[in-house]
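Trainee: These are the residues of each chain, in order.
There are 2 protein chains.
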Amino acid sequence: MDSAFAIADQDRYRDDSASLPNSIDMSHHLSSLARNRQSSALKDLYRYAARPGMIALAGGLPSPAIFPFLELSAEVYTQDALSITPATAQAGSPDAQDAQTMIKKPSFLSWLFGKKNTETITISKPPSSSSPLDINLNTLLQYSSAQGHPALQAFIREFVSKVYQPAFADWDVLLNVGSTMAWSHVVFMLLEPGDGVLYEEWSYPGAMNTASPLPTHKVSIKVDGEGLIPEDLNKVLEEWDEEKRGFRRPRVLYTVPTGQNPTGATMLAERKKIIYNICVKYDIIIVEDEPYYALYADPWKSRNHSTRFGARYADVEHYKDSKDTDEEFLKKLPPSYLKFDYQGRVIRMDTFSKTICPGSRLGWFTCGPLFTERLLRATEASTQAPSGLAQALVAKLLADTWKYDGYIRWLRGIKATYAMRRDWMCDLFESVFHLEFDQTLTLSPHIKWVTAYERTISGMGGLVMDEKKGYKSKKALVSFVPPTAGMFVWLAVHLSSHHKFAQIKREEGPDGVNKMLYELWTDLAESNVLISPGYFFDAQPGVPHEGTEDFGFFRLSFSSATHEEMESAIKTMYKVFVKFFQEK
Amino acid sequence: MDSAFAIADQDRYRDDSASLPNSIDMSHHLSSLARNRQSSALKDLYRYAARPGMIALAGGLPSPAIFPFLELSAEVYTQDALSITPATAQAGSPDAQDAQTMIKKPSFLSWLFGKKNTETITISKPPSSSSPLDINLNTLLQYSSAQGHPALQAFIREFVSKVYQPAFADWDVLLNVGSTMAWSHVVFMLLEPGDGVLYEEWSYPGAMNTASPLPTHKVSIKVDGEGLIPEDLNKVLEEWDEEKRGFRRPRVLYTVPTGQNPTGATMLAERKKIIYNICVKYDIIIVEDEPYYALYADPWKSRNHSTRFGARYADVEHYKDSKDTDEEFLKKLPPSYLKFDYQGRVIRMDTFSKTICPGSRLGWFTCGPLFTERLLRATEASTQAPSGLAQALVAKLLADTWKYDGYIRWLRGIKATYAMRRDWMCDLFESVFHLEFDQTLTLSPHIKWVTAYERTISGMGGLVMDEKKGYKSKKALVSFVPPTAGMFVWLAVHLSSHHKFAQIKREEGPDGVNKMLYELWTDLAESNVLISPGYFFDAQPGVPHEGTEDFGFFRLSFSSATHEEMESAIKTMYKVFVKFFQEK
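Going line by line, the protein sequences match chains A and B. In this text, residue positions in the first sequence follow the numbering used here: the first is 1, and each later residue adds one. In this text, residue positions in the second sequence follow the numbering used here: the first is 1, and each later residue adds one.
Treat the hints loosely; a few may be bogus.
[Claimed, not checked] Label pairs and their calculated CB-CB ranges: (1) A:Q165 x B:P126: 37 to 43 Å; (2) A:Q38 x B:E231: 56 to 62 Å; (3) B:G512 x A:R35: 29 to 35 Å.
Hints in this document: simulated from the structure, not taken from any laboratory. Quick caveat, the model's predicted, so the values are computed rather than measured. Don't be surprised by glycine CBs; every beta carbon is placed ideally from N, CA and C.
Go ahead and model the full structure; you've got the sequences and the hints to work with.
Mentor: The structure is reproduced here in structure tokens:
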């Protein structure tokens, strides 16, 4: 019943779909497990279930009268509780906000006039209408369709239609319990044991841990500061030698296009178009995992115009989101792969974990009808449906309270908060290290890498003080690309700045290089700074990362530390790095 | 961190565990997929994470300050809101209760003195203590351990320890998102494609749909009104011919011991012990799926002592739960397979779906440490953790509000409600049909089957009126065993009472017999009574059910219809049955 209403409903958002092509046949991509899944044998039953006057003794539904929850309520932020510009106003003023969180603090006067930044949502047990969109506990605490509550489906369809604008007509959405489960479903739907999966050369370990035990092989594609390098993807596929590799050419690409984990890189429209076309050519399914999509912000901008570096970085076009409309915000988001997907070969995975909270365990697929149908069957045979308690609260908040426009406003606040935190980290690097552009970096020449050096002594022409040698040339310590999205700064450590590096590399090879990095990681941890070693994210450990063999990598998260903690951590890192690279 | 606390905590409930053996090695049962799952590579990270003063830039946790839920509250029933005896008192009296639901209705006076049957629970955002058991939104809306919240784990461990009393020492519990997902995890943990699974010959289609696509073969074991028949299990395993069957002897038994779906049968201690020993002999893992466990009640008792049948059925020992203590309630529950499990070969799956609500999507495993560890790895790579919003509400209700004793009291109310509903259905059969014991039934001779006939004419020696023939002998229509648990009555339709049955069986074989049943099912549906055809539940369609070939089966649910609906349905069924068996 739910699904019938839902399908009728979605057409509201597809006014222009008449001119779009339908997805092409992708059934050859289904695994044997996915093919084996049976549709429900209960069709006759459903046909009769809708009859007026029918007495149903067929199901096994518990009696909703004795569910112990009679009413849920929640105090929630209003859609505009988060500011969209970092704190400038003083406490008590109408624009006051918390400097750490960007949460607006209503003045006493505005509070008095009812302008609070919170409101209360309430979900009652009895239905308030017979509409399938009605959000009530009788429905949401009961067993339900694996597709999710119709109100949440409708909300998500409107969002997908307006924000992603898929290029094929017959797309649909399907709720899931978060992107790890979503990816697990995709793995079992598309892959046979022994198949290969294409990953960014540094990729999310959670995704790889889900697919690898099947078992599947990891095939890494080179990345730079703008994500996957199309030439490398094409080369790997073009030159695929099944005999040499021991498995057929991969058919599935797993990618995090925006604020990639761990590199922080974001793929923009042009690159996506090229990659999409390569995937058409080699019949690859693109699995687009986008937890950080709404966290895409304008580039970091130096606040210190007195240095040559700062003056140049300040030139970066820097838009003020506060002056923008919701439409401008949306227009600046990089297009989803769905926007180029005229064949239905993209499976997009979204999650509310970063925009609402991870504890919602709610996300959704957007893809063609063959895939949503098979994923629905897989959902029925596993999670059944996301938690109704979570759906009740999130549906009430999004579909009934904030609605589409309110959610867009909320996303702008979320985006602004993480942009502020990204700025904290980059600003701290600038104030603690000596930064310079590094055009010569072998990492990826056309990306604006920033290299952090030891601090030079003013007026001494790039020299630094050395305990043993007196003055010496400053050393490159780490390089990074200030990210435009996500939660991470990916640090490339200049291991070659270490005086013993050449010797270790020659004598001990990659193992020795890794040992050096581990030593540096341990020094940091012993100094109370905990970061993630890059090898956690290595899609093909043991296979050299061409062009970056002389670097070690660390991932730094700017998502949750306070400014004070971050400052302390970056100062400590500076000291530990300088000491590590000192000749002893 | 969570897990460390949890492990320390669980020992509180294992005072006598010193005298129990640990589980034996079951690692040979793991599938290659389960073996391939990696433990987290982040051990070094965890070691440092607990250090005081550590600044963590390692994780990718979103900032909890900007989660939009600031406080949750819920109006919930008190632990004793449900009566434990069916309604007798009048409205307004101190003992008044809703006749349909057994929900107590406080009189105005008791309400005035604060004796309400509801209370409000509230979960705040900031932690109220540093204890890992503290239930707060900062923790529960964030990413969390896949093991679930420590307070819920502790609650469940106490419940398992006191109610199930496993016979091995090193058991543990692991939260999951409900038993379908739980079973899916078990399937992928234990089974290779092509393996067989032992099922009750009539089994839950959801479970079979989860395991079959792997693919796995279904091997059915005969059941009677008390569940699995040990002799048949032994025979199947003893006579296993791998060459003839085409796959190795099954190693996994899926069973619903209490209020089995669809047959309503309950396995008691003696039979479980025998089956456990057979499983030891053939090294079978017992997967005990127990959604209806707490719904185990005293046997149905006839209220009509004026008939021979009623007088005999009234003899059934009938305990009054209202006079019992919680301890008596627990003592009368059939022992879990865990109680006999001195080797750790039982994986028990529990769910809150029937005792709290399906929308909680919360359940748990109880099993040995090898299995909980591998299931935890599988959880990390799929659902990650049950919804924190659901955990917050259920943990607050169970672990902080009702607590162990309160939950036991609540379960007694749930049990009483479903027992009342079971009584409604059996009473209605008694008042609408003519019931007799049927000792001669080939279905299973030692079980008290009840056969429902056409109503006889008083004083006419078992004769009924027939439109064409005038008086004739009454016909057996359906047989059933009044269930002691669950939500279902399993009806065996006496197809052989149909005058064309012998001919159809001879000429058309099983297909013709199925067609007859489908015709009867359609007649019922067309008369607005929707029930489940037995073939939905057939573990091995096409393989004859020895001894019951002349019967067709229907499953009737008594879990959610009102008494009025049920009465109307059973009266309609009577008419449709009588008409169906009439010679036309």
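Trainee: So, against the hints stated earlier in the document, which numbers end up violated here?
Mentor: Failing hint: just 2.
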